[in-house]
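**Student:** Each chain is listed here by its residues.
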Amino acid sequence: KAGVTQTPRYLIKTRGQQVTLSCSPISGHRSVSWYQQTPGQGLQFLFEYFSETQRNKGNFPGRFSGRQFSNSRSEMNVSTLELGDSALYLCASSLATGTGGNTDTQYFGPGTRLTVL
Amino acid sequence: AQKVTQAQTEISVVEKEDVTLDCVYETRDTTYYLFWYKQPPSGELVFLIRRNSFDEQNEISGRYSWNFQKSTSSFNFTITASQVVDSAVYFCALSDDPTGANNLFFGTGTRLTVIP
Chain W
-18 KAGVTQTPRY
-8 LIKTRGQQVT
2 LSCSPISGHR
12 SVSWYQQTPG
22 QGLQFLFEYF
32 SETQRNKGNF
42 PGRFSGRQFS
52 NSRSEMNVST
62 LELGDSALYL
72 CASSLATGTG
82 GNTDTQYFGP
92 GTRLTVL
Chain Z
8 AQKVTQAQTE
18 ISVVEKEDVT
28 LDCVYETRDT
38 TYYLFWYKQP
48 PSGELVFLIR
58 RNSFDEQNEI
68 SGRYSWNFQK
78 STSSFNFTIT
88 ASQVVDSAVY
98 FCALSDDPTG
108 ANNLFFGTGT
118 RLTVIP
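Residue numbers (my numbering), protein chains in the order written: chain W, -18 to 98; chain Z, 8 to 123.
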C-alpha cells in the first residue's frame, strides 16, 4: 500500500508570491491534516479536511488555505508569502472513523520544505 | 487550553543504555488522547503509540515502554537498551480526537542521540 505522498518535496519562493502544495493520502483515507514545522514554533496544526469539508483550523492567518478533492487529495495554498512561512509542511492522512481503532491513526508524508527568500 | 511540555531538548546516551523521555500535558478535557511520534532525519513523523485518558495501563512494545500517570499529567517514554537507529526527534502530542486528525497539539520535541 502506497504511503502519503507530498509534492513538491522542495520549493523556493520569494516574498509576496503564492505557493500551492499537494498531498495524496493513503488509498481509502478520507481525512487529510496539514501541519507546519519551524524551528521557532515547532509543529503546529494548520487544518483538517474530511470528505472535502474543512472540519477544523488552527491559529493561522487567512493567507493559509486549503481544499480537498473528491478523491481525497488535498492542496494547501499560502498567498503573499512572508519570510516566516519558511518551514517544513507535513500532511497526514487517516481513516478518521472516530472509533480510535488500532489502524485508525495518522500517517505522515515526507513533507514539503518551503524556503521563502 | 491544551499544552504539551517536553522539558528535555536534547539527550545523548551511549548505545545499550536505557533512556526516558518526559512528557507533561495540560488539558481541561476529561476525554483526551496522548501520542508519541518519532521523526528520523528523513523528516517523516512515525506514529509510535496512542493512549486514551481512561486507560492508565502501562504499555510495552519490544524495547519501548510508556508510563501514563494521570495524577501527574505525565506520559513518559522509555527506550531500553538503546540503539543507534533510535536516534531521532521524539514528539509527545495531545488531542481530543482519537485519531488526532483534527487538532493535534505537539510538544517541542526531544532530540535523542545514541552514540555507538
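By construction, these hints were calculated from the structure, which means they are not laboratory data.
Model, not experiment: these values are computed from the prediction.
Where a beta carbon is used, it is the ideal one built from N, C-alpha and C, also for glycine.
Don't take every hint at face value.
Cross-link-like lysine-lysine pairs, in silico, DSBU-like; alpha carbons within 30 angstroms at most [claimed, not checked]:
no., chain 1, residue 1, chain 2, residue 2
1, Z, K77, Z, K10
2, W, K38, W, K(-6)
3, W, K38, Z, K77
4, W, K38, Z, K10
5, Z, K45, Z, K77
6, W, K38, Z, K45
7, Z, K10, Z, K45
8, Z, K23, Z, K45
Stretch by stretch, here's where chain Z covers chain W in the computed footprint (C-beta under 8 angstroms, at least three residues) [what the hints assert, rightly or not]:
no., segment
9, -7 to 6
10, 32 to 44
11, 54 to 67
Some chain W residues flagged as far from chain Z (calculated, every beta-carbon gap over 12 angstroms) [said to hold, decoys possible]:
no., residue
12, F50
13, S74
14, T93
**Student:** Next step is simple, just say for each hint if it's right about the structure.
**Tutor:** We went through each hint and held it up to the structure:
1. Proximity of K77/Z to K10/Z is assessed by CA-CA distance (about 15 angstroms); at most 30 angstroms being required, the pair is judged to hold.
2. Distance hint between K38/W and K(-6)/W is fulfilled; the C-alpha atoms sit about 24 angstroms from each other, no more than 30 angstroms.
3. Using a Cα cut-off of 30 angstroms, the hinted pair K38/W and K77/Z holds, with the two alpha carbons roughly 28 angstroms apart.
4. Distance check on the hinted pair: K38/W and K10/Z sit about 17 angstroms apart at the alpha-carbon level, within 30 angstroms; holds.
5. Proximity of K45/Z to K77/Z is assessed by CA-CA distance (about 23 angstroms); at most 30 angstroms being required, the pair is judged to hold.
6. Of the pairs offered as hints, the one joining K38/W and K45/Z holds, with about 24 angstroms between alpha carbons and a cut-off of 30 angstroms not exceeded.
7. Straight-line distance between C-alpha atoms of K10/Z and K45/Z comes to about 19 angstroms, which keeps the hinted pair within the 30 angstroms bound.
8. In summary, the hint linking K23/Z to K45/Z is supported, as the alpha carbons are separated by about 19 angstroms, within the 30 angstroms threshold.
9. Interface restraint, the segment -7 to 6 of chain W with chain Z: violated (0 residues with C-beta to C-beta distance below 8 angstroms; minimum three).
10. For the segment 32 to 44 of chain W, the stated coverage by chain Z is satisfied: 3 residues place a CB nearer than 8 angstroms to a CB of that chain, which reaches the threshold of 3.
11. Under a criterion of three residues with beta carbons nearer than 8 angstroms to beta carbons of chain Z, the stated coverage of the segment 54 to 67 of chain W fails, only 0 such residues being counted.
12. For F50/W, the non-interface assignment is confirmed: its Cβ lies about 17 angstroms from the closest Cβ of chain Z, beyond the 12 angstroms cut-off.
13. Distance check on S74/W: its Cβ comes as close as 8 angstroms (rounded) to a Cβ of chain Z, failing to clear the 12 angstroms threshold; non-interface status is violated.
14. A Cβ of chain Z approaches the Cβ of T93/W within 12 angstroms, the least distance being about 10 angstroms, so the stated non-interface status is violated.
Hint compliance for this structure: hints 9, 11, 13 and 14 are not met, and every other hint is.
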